[in-house]
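The primary structure of each chain is shown beneath.
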Amino acid sequence: MKRFQFLLLDAGPIIKLFTLRIWDEFIKRCDVTISRIIADDEALYTEDGCEQINLKPYEEHKLIRIIDVDVLCIDRFYREFKLQGKYDIHAGEQETLAFLCTPSENWMVCSSDQVVFRILGRLNKADQGISLQEILAATGLGSGLKWETANPAAGDWKYTKKFREKWTHKGQEDFVQDSPSA
Amino acid sequence: MNIGHKLRVAREGSGYTLRQVSAQAEVGESTLSDLENSKREPKFAQLSRLADIYKRPIEFFLMDDIPGENVMLWRDTPSTEDEKKKTEAEFRQLCEQYHRLEVLMGEAKKPKLPGPEVSEPGEFGFQQADNFARKVQNQFCLGDIPSTSLKQVLEENLYVKIFHLDFAGSAISTKSEEFGSAILLNRNNRLWRRNYDLAHELFHVLTWDIFRKAPLSANKPSEFEEKLANAFASRLLLPTDSVRERIDQVKGSGTTVTLEQLDEVAREFGVSLDALLWRMLHLYGTPAEEIQKYIQQGSQLKTSRPPRLSDEPDKLPERFCSLAIRALRDGKLSLMQFKKYMDLSYKEAEGYLTDEEGLTDEKISISAA
Numbered sequence: 010m011k012r013f014q015f016l017l018l019d020a021g022p023i024i025k026l027f028t029l030r031i032w033d034e035f036i037k038r039c040d041v042t043i044s045r046i047i048a049d050d051e052a053l054y055t056e057d058g059c060e061q062i063n064l065k066p067y068e069e070h071k072l073i074r075i076i077d078v079d080v081l082c083i084d085r086f087y088r089e090f091k092l093q094g095k096y097d098i099h100a101g102e103q104e105t106l107a108f109l110c111t112p113s114e115n116w117m118v119c120s121s122d123q124v125v126f127r128i129l130g131r132l133n134k135a136d137q138g139i140s141l142q143e144i145l146a147a148t149g150l151g152s153g154l155k156w157e158t159a160n161p162a163a164g165d166w167k168y169t170k171k172f173r174e175k176w177t178h179k180g181q182e183d184f185v186q187d188s189p190s191a
Numbered sequence: 399m400n401i402g403h404k405l406r407v408a409r410e411g412s413g414y415t416l417r418q419v420s421a422q423a424e425v426g427e428s429t430l431s432d433l434e435n436s437k438r439e440p441k442f443a444q445l446s447r448l449a450d451i452y453k454r455p456i457e458f459f460l461m462d463d464i465p466g467e468n469v470m471l472w473r474d475t476p477s478t479e480d481e482k483k484k485t486e487a488e489f490r491q492l493c494e495q496y497h498r499l500e501v502l503m504g505e506a507k508k509p510k511l512p513g514p515e516v517s518e519p520g521e522f523g524f525q526q527a528d529n530f531a532r533k534v535q536n537q538f539c540l541g542d543i544p545s546t547s548l549k550q551v552l553e554e555n556l557y558v559k560i561f562h563l564d565f566a567g568s569a570i571s572t573k574s575e576e577f578g579s580a581i582l583l584n585r586n587n588r589l590w591r592r593n594y595d596l597a598h599e600l601f602h603v604l605t606w607d608i609f610r611k612a613p614l615s616a617n618k619p620s621e622f623e624e625k626l627a628n629a630f631a632s633r634l635l636l637p638t639d640s641v642r643e644r645i646d647q648v649k650g651s652g653t654t655v656t657l658e659q660l661d662e663v664a665r666e667f668g669v670s671l672d673a674l675l676w677r678m679l680h681l682y683g684t685p686a687e688e689i690q691k692y693i694q695q696g697s698q699l700k701t702s703r704p705p706r707l708s709d710e711p712d713k714l715p716e717r718f719c720s721l722a723i724r725a726l727r728d729g730k731l732s733l734m735q736f737k738k739y740m741d742l743s744y745k746e747a748e749g750y751l752t753d754e755e756g757l758t759d760e761k762i763s764i765s766a767a
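As they're listed, the protein sequences go chains A and B. First residue of the first sequence? That's 10 in my numbering, and the numbers climb one at a time after it. First residue of the second sequence? That's 399 in my numbering, and the numbers climb one at a time after it.
I should point out that these hints are in silico values taken from the structure, not numbers from a laboratory. All C-beta atoms, glycine included, are put in the ideal place defined by N, C-alpha and C. Be careful, since some hints might not be right.
The calculated lysine-lysine pairs, modelled on PhoX-like cross-linking and capped at a C-alpha distance of 25 Å, are [unchecked claim]: (1) B:611 with B:510; (2) B:649 with A:95; (3) A:95 with B:507; (4) B:745 with B:483; (5) A:91 with B:441; (6) B:738 with B:484; (7) B:508 with A:91; (8) B:691 with B:649; (9) A:65 with A:134; (10) A:91 with B:483; (11) A:65 with B:738; (12) B:649 with B:484; (13) B:691 with B:483; (14) B:611 with B:649; (15) A:95 with B:453; (16) B:691 with B:713; (17) B:482 with B:649; (18) A:91 with B:618; (19) B:745 with A:171; (20) B:745 with A:170; (21) A:95 with B:625; (22) A:175 with B:745.
If you want the footprint, here are the derived chain B segments under chain A, 3+ residues with CB under 8 Å [to be verified]: (23) 434-445; (24) 452-460; (25) 495-507; (26) 562-576.
So here's chain B without its partners, still in its complex pose (with noise of 0.2 Å):
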């Protein structure tokens, strides 16, 4: 097994000093040296406790080898190392959890998900991203205003897994052989933010076999990937004809739209001003130093003006609470462990399990025929 090997691993690969884990486990430093160089076996309880420190899952310290890592790509990298690790190894944790429920219910899908024209990263251009983005657009019947139901679709048709932390940096998408595509998202940031991020991330989610074939950009986009991705989001976000249709709305019998008015548009498509003068570009050829004078202008707009009203997201996706809650009344996931995948005390965990679930079979059927 060589869990001396795994625990070193496991604590480096989640950006822990010796002398961290030693105050978080009370384990002294040199009791976790040698377990790290194989001279002492830990004990179950101390494997566990270490193992929930680094969100190892306790397999991971039993299985004959370690697995490779997943590549993660971030958007808005955070400032030090320990940071990046500590967000990715929560990250992985969740899409394991969300896996190991799928599975419990059997329900581990791995749904085909839409691909580009082409197959090779040299030949994606901002035409392809665009096209790419109409594709999807209609595949995913996302309507006038994607960004209402993009997430949704994403989480309920194609199993993407969609977590909302609150940490360092925008955004982080993955994909993994074993629990498919997941991409994160910063809890704290503007619902705006949000839907441009999760349209960022699902370029690149959708275009991982393409870009990550390379060795030298697997882990890293290049500057031109991410402006691929930015197309596709902003052409994905902000459909040709619903944006053209509303700005004409908008302006009536006149030529030319304010600012404000631009600024409604913006809202109702769930995307910042910003993106949408950049659109704009791309819809009415606006020269690129125009806009950059609207963007300005737009600045001075936005701090005159009441903040948009945002939500809270909450961390974990809906279908990952809904497997959690179905496969404890089905008696395949324990109450303690459900606890903890759900973040609950112990009395609110207790609170989902109810009594015609434990004694009774008797349940209320309504027919559907």
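Chain A on its own, in the form it takes in the complex (with noise of 0.2 Å):
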């Protein structure tokens, strides 16, 4: 049984792993979950913009999954949590997210934007959020990586625990701070 079963990929992790050529081995060990629109519009090129990232191969040969959400989804997750104003994210990460909070199973976000990880502090959902750096120890992928002092200029930073600690924490005192007895 794979270690992660229900984990959703946003665009910058996909990117990564892409560029890190570890993509086959890290599909191998989880469950990988993929929005339309990220698969086909975001995460497109690895992080030197030279290689082309295609996943419709492993789409079509079921080695991940790609979801397509209703626009009633959106609307609905537009509706119920009221972000307009407050945060600004692109299209697939608003479908990732309204996936996220439909009541099927315990899902995961894995990514590496502080929206995003803010976002899920806001909704109360800090505990459905993981980094990177957390899923390739898990998986015995990212022994050989140190995030925060490899390359601190190509962002590698983004992808570690302590990145999305910080971040889903700030979406909590959001939350703390938009409830009504505040």
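Each chain sits in its own coordinate frame; assemble them with the hints.
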């Protein structure tokens, strides 16, 4: 059985995994699900922009799952959480978070975007966020990587547990501030 | 929600045929037609792709009503309606993005813009346009050479949204309840032309509530209104005292000035030689026929002299970029959305994130007490 079963991946971690050339190994160890918009329009190139990322063959061979969310699901997400004017996220991130908020399995989102973690904190879903560093450590793929010092210029700190915690905490503060009794 | 109807409105509003959208979105024409006729519901990924093509936010398709379209005033309308609609769609999208950033950062301001001394279109004449330009010049502290500071004052003090795009036409102005006043300039035009267009469009923006009241003139300014806008622009960019003083300096003890000397003065004021010559009609009472003759001669002068140095303005205003960068670093704007707003590659967008911002709260602070 794979270590992570209900794992939603945002564009940043996909790009990183392809850049590190560990994507194929990663999907052997985790059940990966990706939003249609992220797969088709966002995770397109490796970090240096040189190598194209094509997720279609992986989808066709059922190695990953791509989800197509209904507009109604997005509409519900908008109306229920009223995040407009507070955070501005791309359509792929909206699709991922709206799917996460559907009452199905206990999905986890792996992102490298501060706003995604912040929104998870704001939605009181802090425990449904995870960093790439944590997943790679749990799956035995990250032993050779030193996230915080390896290459600061490349923004590797975005994939760390510390980064996730910092922004999730900020979202939790937003939650407290936005709650009626605050 | 009636998404189908909104899809049709958005497509037609941005000047696309079903066939063109089909090719761009990689969705069959019959599917698009079914979506527009509400025979089937789009998946969110389809809607998102169409929203990108039509340059509409997702919210447009999710809200209960279709918001009214803002009037856009054109200077030199393009030859085809489709081209016009595509430019308007892009301009509106930029204004909306700018406003979203302002809201995110709590900086959506609606300053009170100066107004003219009259409140009805019929009361407006050249004297009123002249007085109004003088009032604006003083109130904005534009100094002796207004073209050098006008854009900055409008953007930073009055929060007018000014963009530069490559499009068929010269300039567009609009005013919206939602995002305020905005002006689009053609980035391919020379600096002097853009200066004049900006001042011209400023007249429309500042007199919007006067001239856009009447239904017949709401979408298209009358010829007379355009002449008033030109008079205003001319008076604003070429202040009486400064221009007279400069021309006096140039002519020295003589009584005449050469076209070459006037061309130099026009360059200093950031306007065309033609604009300065027309201004002289008012300043020195030079007959119009004579001005026409000088303009004719001036056009020959232009061909024998090297073209003026110009610049290539950025598409996005400085404040737009500043708001986007701050929103990104404050954790309010996602990297992918930042990349889209700033029209950057993923790698370029990533460069705006810093290690300090991500992992520590340590920032360099300088005492300003």
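Going through the hints against the structure:
Proposed proximity of residue 611 (chain B) and residue 510 (chain B) is supported: the alpha carbons are some 19 Å apart, at most 25 Å. For the proposed pair residue 649 (chain B) and residue 95 (chain A), the alpha carbon gap of about 60 Å is over 25 Å, so the pair is violated. Distance hint between residue 95 (chain A) and residue 507 (chain B) is fulfilled; the C-alpha atoms sit about 16 Å from each other, no more than 25 Å. Under the criterion of a C-alpha separation no larger than 25 Å, the hint pairing residue 745 (chain B) with residue 483 (chain B) is inconsistent with the structure, at around 32 Å.
Straight-line distance between C-alpha atoms of residue 91 (chain A) and residue 441 (chain B) comes to about 21 Å, which keeps the hinted pair within the 25 Å bound. Restraint check for residue 738 (chain B) and residue 484 (chain B): satisfied, since their Cα atoms lie roughly 18 Å apart, inside the 25 Å limit. Our distance criterion of 25 Å between C-alpha atoms is met by residue 508 (chain B) and residue 91 (chain A), whose separation comes to about 24 Å. Proposed proximity of residue 691 (chain B) and residue 649 (chain B) is supported: the alpha carbons are some 20 Å apart, at most 25 Å.
Under the criterion of a C-alpha separation no larger than 25 Å, the hint pairing residue 65 (chain A) with residue 134 (chain A) is inconsistent with the structure, at around 30 Å. At roughly 31 Å between alpha-carbon atoms, residue 91 (chain A) and residue 483 (chain B) are farther apart than 25 Å, so this suggested pair is violated. Between residue 65 (chain A) and residue 738 (chain B) the alpha-carbon distance is near 23 Å, which keeps this suggested pair within the 25 Å criterion. Note on residue 649 (chain B) and residue 484 (chain B): the hinted pairing is violated, with a Cα-Cα distance of about 49 Å set against a maximum of 25 Å.
The straight-line distance between the Cα atoms of residue 691 (chain B) and residue 483 (chain B) is roughly 39 Å, outside the 25 Å bound, and the hint therefore fails. With a C-alpha separation of about 47 Å, the suggested pair residue 611 (chain B) and residue 649 (chain B) falls outside the 25 Å cut-off, and the hint is violated. With a C-alpha separation of about 21 Å, the suggested pairing of residue 95 (chain A) with residue 453 (chain B) holds against the 25 Å cut-off. Note on residue 691 (chain B) and residue 713 (chain B): the hinted pairing is violated, with a Cα-Cα distance of about 38 Å set against a maximum of 25 Å.
At roughly 46 Å between alpha-carbon atoms, residue 482 (chain B) and residue 649 (chain B) are farther apart than 25 Å, so this suggested pair is violated. Taking the CA atoms of residue 91 (chain A) and residue 618 (chain B), the gap is near 38 Å; set against the 25 Å cutoff, the hint is violated. Of the supplied pair hints, the one linking residue 745 (chain B) and residue 171 (chain A) holds, its CA atoms being roughly 22 Å apart against a limit of 25 Å. A distance of roughly 22 Å separates the Cα atoms of residue 745 (chain B) and residue 170 (chain A); the hinted pair therefore holds under the 25 Å criterion.
With a C-alpha separation of about 44 Å, the suggested pair residue 95 (chain A) and residue 625 (chain B) falls outside the 25 Å cut-off, and the hint is violated. Under the criterion of a C-alpha separation no larger than 25 Å, the hint pairing residue 175 (chain A) with residue 745 (chain B) is consistent with the structure, at around 23 Å. Counting residues of the region 434-445 of chain B whose beta carbon lies closer than 8 Å to any beta carbon of chain A gives 6, which reaches the threshold of three, so the coverage claim holds. For the region 452-460 of chain B, the proposed coverage by chain A is satisfied: 4 residues have a C-beta within less than 8 Å of a C-beta in that chain, meeting the threshold of three.
Note: the region 495-507 of chain B has 4 residues with beta-carbon separation from chain A under 8 Å; the three-residue rule is met and the coverage holds. Counting residues of the region 562-576 of chain B whose beta carbon lies closer than 8 Å to any beta carbon of chain A gives 0, which falls short of the minimum of three for the stated coverage.
Comparing the model with each numbered hint stated earlier shows that hints 2, 4, 9, 10, 12, 13, 14, 16, 17, 18, 21, 26 do not hold.
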